[in-house]
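Turn these sequences into a full structure, and let the hints guide you.
Number of protein chains: 2
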Amino acid sequence: MAKEITNREENYSQWYNDIVKKAELAENSAVRGCMVIKPYGYAIWEKMRDQLDIMFKETGHVNAYFPLLVPRSLFEAEEKNAEGFAKECAVVTHYRLENDPDNEGKLRVDPNAKLEEELIIRPTSEAIIWNTYKGWIHSYRDLPLLINQWANVMRWEMRTRPFLRTAEFLWQEGHTAHATKDEAIAEARQMHDVYAQFAEEHMAMPVIKGYKSENERFAGAVDTFTIEALMQDGKALQAGTSHFLGQNFAKAFDVKYLTSENKEEYVWATSWGVSTRLIGALIMTHSDDQGLVLPPKLAPIQVVIVPIPKPTEEIMEVANKLIKELKAKGISVKVDTDDRKRPGFKFAEYEMKGVPVRLGIGARDLAKGVVEVARRDEKTKELIALEGLVEHVEQLLSEIQDNLFNRAIKFREERYSEATTYEELKEILNIKGGFVKAYWDGTSETELKIKEETKATIRCIPLEGGQGEGTCIYSGKPATQIALFAKAY
Amino acid sequence: MAKEITNREENYSQWYNDIVKKAELAENSAVRGCMVIKPYGYAIWEKMRDQLDIMFKETGHVNAYFPLLVPRSLFEAEEKNAEGFAKECAVVTHYRLENDPDNEGKLRVDPNAKLEEELIIRPTSEAIIWNTYKGWIHSYRDLPLLINQWANVMRWEMRTRPFLRTAEFLWQEGHTAHATKDEAIAEARQMHDVYAQFAEEHMAMPVIKGYKSENERFAGAVDTFTIEALMQDGKALQAGTSHFLGQNFAKAFDVKYLTSENKEEYVWATSWGVSTRLIGALIMTHSDDQGLVLPPKLAPIQVVIVPIPKPTEEIMEVANKLIKELKAKGISVKVDTDDRKRPGFKFAEYEMKGVPVRLGIGARDLAKGVVEVARRDEKTKELIALEGLVEHVEQLLSEIQDNLFNRAIKFREERYSEATTYEELKEILNIKGGFVKAYWDGTSETELKIKEETKATIRCIPLEGGQGEGTCIYSGKPATQIALFAKAY
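Sequence lines, in order, name chains A and B. Every number in this note's numbering is 1 more than the matching position in the first sequence, counting from 1. Every number in this note's numbering is 1 more than the matching position in the second sequence, counting from 1.
Hints were generated in silico from the structure; no laboratory data involved. Treat the numbers as computed from the prediction; the structure is a model and nothing was measured. Some hints here could point you the wrong way.
Note that the list lumps identical chains together, so a pair holds whenever it fits in one copy or between two copies.
Okay, derived cross-link-like pairs now, DSBU-like style, lysine-lysine, Cα gap no bigger than 35 Å in a straight line [stated by the list, open to error]:
| hint | residue 1 | residue 2 |
| --- | --- | --- |
| 1 | 335 | 264 |
| 2 | 452 | 107 |
| 3 | 456 | 135 |
| 4 | 335 | 135 |
| 5 | 107 | 88 |
| 6 | 438 | 107 |
| 7 | 107 | 450 |
| 8 | 382 | 325 |
| 9 | 58 | 328 |
| 10 | 342 | 252 |
| 11 | 252 | 433 |
| 12 | 311 | 257 |
| 13 | 264 | 450 |
| 14 | 135 | 382 |
| 15 | 257 | 107 |
| 16 | 107 | 182 |
| 17 | 107 | 81 |
| 18 | 22 | 48 |
| 19 | 411 | 236 |
| 20 | 322 | 380 |
Rendered as structure tokens:
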């Protein structure tokens, strides 16, 4: 555990992999592109999920569960959506194994158990859900339908990285149905706001809110709203998307409702999702060369107590009292009583795991009525009086949460530029990285050319400051949109 | 919603299906044998999951997540386990779709995207998990490993019924690794106890604890502990199982550890699971001919307030105050302000959904300072003074929880018999149903003959009262085991 990890400067990508491994977040499995999420990584996901679930329920949503498998004929009904995901589909073709007659003790697929119609493992659930909604929606009284699902999905990606891009991942997908276009747009934007709020207030990760260009939109969407975060290597990461789907799925699955005036209309739809990818974003927003750094609100262990050098009776008495008081304040705390490991080893271990606050309790300090309080974010420590320590820790956790956010905001502001010429865009992207604002003529042609030449994509048209009158930096044509370019994950 | 459902007497199986439908718990999907769990059904599952998760964590377990797909070669490594599930496996053979050249706008499986090795959708995760544990376990210091997973699994069953038997279902599966046999057995029995406690205290469903005969054991287990409940049609339902796996999986996946004496040993294992099947058990334990009956501890809505006949300002003032006070006591409450529906319609609706307590608030009653309180379990109602109402409701919920359990215990006791002859066993099974205790010679031959002739299986050898000296009721041979027979789901 206490082994060093690669420096960010030296090899950023290796640094990321080292943290995933050494902080025991995840590991590759025997299945190509699929990871095992280890208990500590999963505990972070549980914190994220629980908080998001509260926010979804506060905004009127309920959870449900739809099948993992989608019949091919349903999957292909919404053509753009199907086209967008067809190349990444895991396909079930058989439903039975049998003993392999040529291979004692081995199994093979039973050729007599071929499905009449292939089943796709859901890469996303619009198809199966809208086929179900058809039976649920008849009149305006059945609307809106505000449903979310926590599930696993599968996209057969060629290049995978733990959390950031995996063949199977965990996510939530909201699927809502509305009577009017305005209401559906308002819903898509509301969930966009919920994601931004979650990212900033809980992950301490600043995000830019905007909408996607046509090229980058979700397959089957009319509009995709996105939150974009900046990683420490100057690359952007799409952290969550919320889609206004228009009537595309309602038309593909023939979902109509009777209005209060007794007219038949197609239903309006949204969908929105965030995934275990957020754990990758969390790692790359805050962590450092000593390991993971976690914002207190998402840390499975917020405070760790290390007895110095060993858990004596005197130390444990103080520790147990602290634990009780901290827990009473809703603070999660662990005491490490393993006496096979030295304190220095433990310090490094909890640093690696990103525990926000460490309390070192030793007999000499106790004699003076103080305890060593170390904060993970700034790697500073100070002696604090035992009297009032719990309040100090509570305050410190809140300070760390704010500090991480402010640090990340500052980092992003330093890498948020404006380019007035194409040369300038290229130079910024190459040297400084980060987000670059520039006038764009709104055409896919320009967008793709820039992508080809610079590897940067349009992350979004920001909701704030995305409009204006100017000249496209690439084509020189008149432009009314200001796009945000960046290299991205 | 207010439509009637089939009587239990008339057609028990149709009654069950009617409740699943009318209480809006689940419905069949476009995929054979896979159900959609609707929001109300899912809310019950969330209550179950949250409580079980607390109990697992209290007993030292942590959650993690392992891949959905299992390579065929791993799946077949533990032969008994593989053999047990081979006939029910959904198999992924391809990873891409392509446009169908003969069918504009349609997709087909891309024949060039065939997997080298087929992937099985997990019917259970021992294989993928023990293959992972191999990398995690090296020394006695790495043990015990106490991990649980919440996941979906798939078993291609031929005859399916919502919740009771579905091709895809949601469950939790605990997988633990231990240094000694005794410790593993103690773990399997601990989780057996946890399941029994959950069933009785939260589901208000009495269960019999026992272990399975060899025939009925989990494929790959040395011993399977089970909790068996009795449904209202006199059939038993296996509600949860906990398996002592011996060293079978450790040997199949070569998972060894170094003892503190530096010797190499195979690891000992357990696994244990409960699933959305519990919702089926819950329905069939308590519900009646008016619909679902839910124990308060698992009811998504514990109290519903119905304004009579309409939500006037006066009524809503009282209702809102009650809501606030009930919520402060942790009681979930809903007020139905929909004025398109009459109170009688609403009464029937919440009866159908099994809401434990209904408060009818009307102007005339309010003038007298009282509110109508109806309990779902006994379908009784009384006028209760507004003063002290919240405490009354709190008390009533606890009373309902107890009453449901006591009712179910009484029902089961009336259907718990002893047979001293085979004729007697057959007669009881045919006429009264329920559990029948009888001496059994311990052979599979006898067990299978009885099953063939009576359709009853050995549900378990009860932990209490399963031993004794007697004569097998079938073979007449000496018997030391007393088995519990029943027809079962």
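Here is how each hint holds up against the structure:
1. In this assembly of identical chains, residue 335 and residue 264 lie within 35 Å of each other by CA distance solely across copies; the values are 32 Å between and 61 Å within a copy.
2. For a Cα distance limit of 35 Å, the shortest separation of residue 452 from residue 107 across copies, 31 Å, qualifies, whereas the shortest one inside one copy, 49 Å, does not.
3. Taking CA atoms no more than 35 Å apart as the test, residue 456 paired with residue 135 passes in neither setting, with 42 Å inside one copy and 41 Å between copies.
4. Taking CA atoms no more than 35 Å apart as the test, residue 335 paired with residue 135 passes between copies only; the shortest distance there is 27 Å, against 50 Å inside one copy.
5. In this homomeric assembly, residue 107 and residue 88 come within 35 Å of each other (Cα to Cα) both inside a single copy, at 31 Å, and across copies, at 13 Å.
6. Taking the closest pair of Cα atoms, residue 438 and residue 107 never come within 35 Å of each other, the shortest separation being 59 Å inside a single copy and 40 Å across copies.
7. In this assembly of identical chains, residue 107 and residue 450 lie within 35 Å of each other by CA distance solely across copies; the values are 31 Å between and 53 Å within a copy.
8. When the C-alpha separation of residue 382 and residue 325 is checked against a cutoff of 35 Å, the pair qualifies only within one copy, where the shortest distance is 23 Å, while the shortest distance between copies is 45 Å.
9. Proximity of residue 58 and residue 328 under a CA criterion of 35 Å is satisfied in both settings, with 26 Å inside one chain copy and 16 Å between copies.
10. With identical chains, the CA atoms of residue 342 and residue 252 are at most 35 Å apart between copies only, with a shortest distance of 31 Å across copies and 63 Å within one.
11. Taking identical chains as interchangeable, the C-alpha atoms of residue 252 and residue 433 are never at most 35 Å apart, the minima being 46 Å within one chain and 54 Å between chains.
12. In this assembly of identical chains, the alpha carbons of residue 311 and residue 257 lie at most 35 Å apart only when taken from different copies (31 Å versus 69 Å within one copy).
13. For the homomeric pair residue 264 and residue 450, neither the shortest alpha-carbon distance inside one copy (46 Å) nor that between copies (64 Å) is at most 35 Å.
14. Proximity of residue 135 to residue 382 under the C-alpha cut-off of 35 Å is found in neither arrangement, the shortest distances being 60 Å within a copy and 39 Å between copies.
15. In this homomeric assembly, residue 257 and residue 107 come within 35 Å of each other (Cα to Cα) only across copies, at 24 Å, whereas the closest approach inside a single copy is 51 Å.
16. In this assembly of identical chains, the alpha carbons of residue 107 and residue 182 lie at most 35 Å apart only when taken from different copies (29 Å versus 56 Å within one copy).
17. In this assembly of identical chains, residue 107 and residue 81 lie within 35 Å of each other by CA distance solely across copies; the values are 11 Å between and 41 Å within a copy.
18. With identical chains, the CA atoms of residue 22 and residue 48 are at most 35 Å apart both within one copy (20 Å) and between copies (34 Å).
19. In this assembly of identical chains, residue 411 and residue 236 lie within 35 Å of each other by CA distance solely inside one copy; the values are 15 Å within and 66 Å between copies.
20. Within a single copy, residue 322 and residue 380 get their C-alpha atoms as close as 26 Å, which meets the 35 Å cut-off; across copies the closest is 49 Å, which misses it.
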